[in-house]
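Since the structure of chain A is already known, use the hints to place chain B on it.
Each protein sequence line maps, in turn, to chains A and B.
All letters in the first sequence, in the order written, are residues 1 to 304 by my numbering.
All letters in the second sequence, in the order written, are residues 305 to 550 by my numbering.
These aren't lab readings, by the way, just hints derived from the structure by calculation.
Keep in mind that the hints are not guaranteed to be accurate.
[Claimed, not checked] Computed footprint of chain A on chain B; a stretch qualifies when at least three of its residues, placed anywhere within it, have a C-beta under 8 Å from a C-beta of chain A:
id	stretch
1	342-351
2	366-378
3	428-439
4	446-457
5	460-472
[As the list claims (entries may be wrong)] Here are the in silico distance ranges between beta carbons for each label pair:
id	chain 1	residue 1	chain 2	residue 2	range
6	A	Ala269	B	Glu526	51 to 61 Å
7	A	Ala261	B	Arg415	29 to 39 Å
8	A	Val134	B	Pro517	23 to 33 Å
All values reported here derive from a predicted model rather than from experimental measurement.
Heads up, the beta-carbon is just placed ideally off N, CA and C, and yes, glycines get one too.
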Amino acid sequence: MTKLLSMKEAIERFVQDGDVVAAEGFTHLIPFAAGHEMIRQKKKDLVLCRLTPDLIYDQMVAAGLAQKLIFGWIGNPGVGSLHAIRRAVEKGLPRPVELEEYSHFGLLCRIQAAASGLPFMPLRNYRGTDLPSVNESLRTVQCPFTGEELAAVPALHPDVAIIHAQRADARGNTQVWGLLGIQKEVAFAAKKVVVVVEEIVNEEVIRSDPNRTLVPGLIVDAVVEEPFGAHPSYVQGYYDRDNDFYVTWDRVSRSAEGVNAYLDEWVYAVSGRDAYMKKHGAALALRLKPEPHPARPVDYGLYR
Amino acid sequence: MALAAAREIQDGDVVFVGIGLPNLAVNLARRSHAGGVQLVYEAGVYGAQPIRLPISIGDPCLVTGALQVMPMAETFLYFLQGGRIDVGFLGAAQIDRFGNLNTTVIGDDYRRPKVRLPGSGGAAEISWLAKKTVILLPQKRSKFPEHLDFRTSLGFHEGGRSRESLEAPGGGPERVITNLGVYGFDPETREMVLEKIHPGVTLDEVRAEVGWPLRVGEPLGETELPDAATLRLLREELDPKGIYLG
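Bound-form chain B, shown alone:
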C-alpha cells in the first residue's frame, strides 16, 4: 500500500501529508523517485525533512530541518484554501463508490452511534480543496458499503458532474489504494474502477470485500512488486521498527 501510494507522487509535487501510512508513503517517495517533493503537514510545516519516521503528524522531527514553520491558520488559509496543494492524502473508515468518505460515526443515529470515530480533522477541507486526493484504507466489505453512515468528506458526490456542480475548487479523488488493489475513477460516471490487483490476490477476493457491484478495468493490471533497493529503504531506513509495515 505504501509503495502504491508513493507512486502517486510526482517529483516537485506539494503534498499534504496525513496521519498513518501516508507518512511512510510520502517519505518513501521523497527518498526514492521524487526527491523534489515538498511535504506540507497541517500542523504548520512546509518542506519537512524528517530523519525518523514521524509517529504523529505533529512530531518534532518534522520541524527540525524544515523550510518553514507557521501557524496552522496559514497552512489552511494560504496553502490549502490558497490552492497550493497538489496532492492530499486521506484515510477513512468507510468509502462509497464515488469516493465519498466517512470518518465520523458508524451506525444510523449520529447522536447515538455504534462507534464514534475521530471525525474530520483536516479531511473535509483537504478533500474539498486539494487539486487531487489519494485515499488509503484497508479493504473490508463493511468499509466499502453501498451507502455511507455519514458523509464527512466529499469525493465525487453522487457521481457524474455532481462534484463540479457544487463548484468544488479541488479535483477530487484520483486513486484509492487498499491492501488488495488500486482503484481509479471512471472519467464520465466517476465510479470507482479496479485498475490493479496486488500479486497473489484474486478478483473474487476483491469482489467479496466490496459492498456494490464492482466495476473492473480492462485490462486489469497487477501492482508491480518493489525492487530490492526500495524494500531495503522501507524496512531498514524508513520503518526499521515496523511501526507501519508490521
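Here chain A stands alone, though its shape is the one from the complex:
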C-alpha cells in the first residue's frame, strides 16, 4: 500500500491545530519544506518540540503558529540568537510563547521513554542546578537496586513526528546516512509519522542495504517526495548546509518586519518547495553541491 502524498495533503491530514509537533533533525535533515507548509496552512496553537528549535521554529513562531516550545537549546547554531523566538518570549510578539526547557540529554530521554513504551526514563543529571526549579517534569527517582537517587523525565508522545531523509520506498521504509539525530526515537514515540525524502526508491533498493533503514514503514503514515526539502539545512551527500542563509537570517530576523518580508516572499508567495527552488534558480543547488565521496560497498552475502 502506497503512502505517497503531496506535502500539502500530508500536512492537511496529519497536523491538526493544537498538536504536539516534533519536526526533528539535528542540524542535518531539518524538514523546512514541511515547516513552510504548516505556515501556509496557518496551523494554530501548536506545541513545537525539537532539541534545537533552529530557524524552522523561529519562522513558525514568527508566523504565530506556536503556543509553546519544548526544547533543549534555542539558538542559531554557529551564529547567535533566534530573534523571533526571543521577541515572542521577551515581548510576547506576535503572541506569547511558553517555554518548557530541558537539556539535550533530558529531552531525548523523554522521547526515548515514549518510544520504548515506558512512563519515564532515569538519567544522571541536574543535581545542583536550577533547571528542576523551572520545570516540574525534571524529577528524581530512587533506584530499587542500589538506592541511589537519579534524575527522571516523563515520556513525551508527540501527536506527529515529521522527519526528512535521503530516501524511502512508497511504504515508508526510510534510509538515512550522516547524522541521525533523534529521528528514529521520535518516529517510534509519535502517534503519526510523516517522512519527507529527497528520493522515492523501489523496495529492492531498501532491501539491498537493510542496515541503513532508520525508520521502518510499519510506523510511517505518509511519505512525501520533496527534493531540497531540507534547505537551508542540509542532506548528507546531496547538498551542503547553507551557512550563508543562517548568517543572513540573523540580520533579517532582528525585526518583525524583516521576518514578515521573508515569509511573504519565500513562504506565502510560493506554492511549495518546487516553486521555492525555481525562485532561487539553479545557482543555489550548484553552490551547495558536494564532491562525490561514496562509501565502499559491503557484501551482505546471499544465503540459500
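Here is chain B on its own, set in the frame of chain A:
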C-alpha cells in the same frame, strides 16, 4: 584563547567538542601536538576528521571520514553517561567563582528575562558527567558576577567538597580560558585562581573584569605565545576565512 584551550588536550584524550571556539581549539590540537585525540560531537559522531572548519556542531564535514556515526541517544547514553569522555568543552554567558555556568537567562525573573539565552543544550550533562571540563568565554565583569542569574551547569557548586557531596560522576572544571588569561581552581576551596595572563594584559585589567575579589596564583605566569608554525596552521589552514579568529 584557542591556543590555550588546545594546550589542555593531551594526545589520546576523548574530547566532547562544543560549538564555537572549542571547534577550532580541538582541531588545532589534533593537527599539532595531539594527533591521537578522538573528537566526539554530541550530534552523534566519534573520531571526526573534518577537512574544513565546522561552522556548527552538526556540519556534514564531521561525518565524512569519521570512525562512527550514531544516534544522538548513544552519544549521551554510552559515551557521556557511560564515562568515556575525558574532556568536555563549554562556553557560557556567566560564570561564578566556583565555575558554575549560566546559559539560560539574564535577569532576576526566569519567566520575564531581560535576555533569553539559548539554554543548556548538552552543557548540563557535559558538566555533570565528563571527567573534566574546560570553559571558554570572553571576559567581562558582567559575565563574571558574584552570583549567577541562573545555574544551568554545575561547576564546583558552593566550593569545597560540595560537588563531591552531590556525588557528581565527573570531576568538574579544570580550566577557564578567557581573552585576558587562564584560570585554574584551588584544590581545597575550589575557587577560581588566575594562573596566567596573556602577554600585554595587566593584572589590574583582569581584576576590573571580575565581579568578586580575585585570587591570583603565585607566581603568576604568562601565556606562551604561539610559534610561527602554529600561527600558520591556525590562520592558513584551520580558519583561513577568519570565522573564529576575526
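Here's how the hints hold up against the structure:
1. 342-351: As far as the stretch 342-351 of chain B goes, the hint holds, because 4 residues have Cβ atoms under 8 Å from chain A.
2. 366-378: holds (count 8)
3. 428-439: The restraint on the stretch 428-439 of chain B holds, since 4 of its residues have a Cβ under 8 Å from chain A and three suffice.
4. 446-457: With 4 residues in contact (Cβ-Cβ under 8 Å with chain A), the coverage given for the stretch 446-457 of chain B holds.
5. 460-472: Satisfied; 6 residues make the cut.
6. A/Ala269 with B/Glu526: 51 to 61 Å: holds (59 Å)
7. A/Ala261 with B/Arg415: 29 to 39 Å: Cβ of alanine 261 of chain A to Cβ of arginine 415 of chain B: about 31 Å, so the range 29 to 39 Å holds.
8. A/Val134 with B/Pro517: 23 to 33 Å: Cβ of valine 134 of chain A to Cβ of proline 517 of chain B: about 31 Å, so the range 23 to 33 Å holds.
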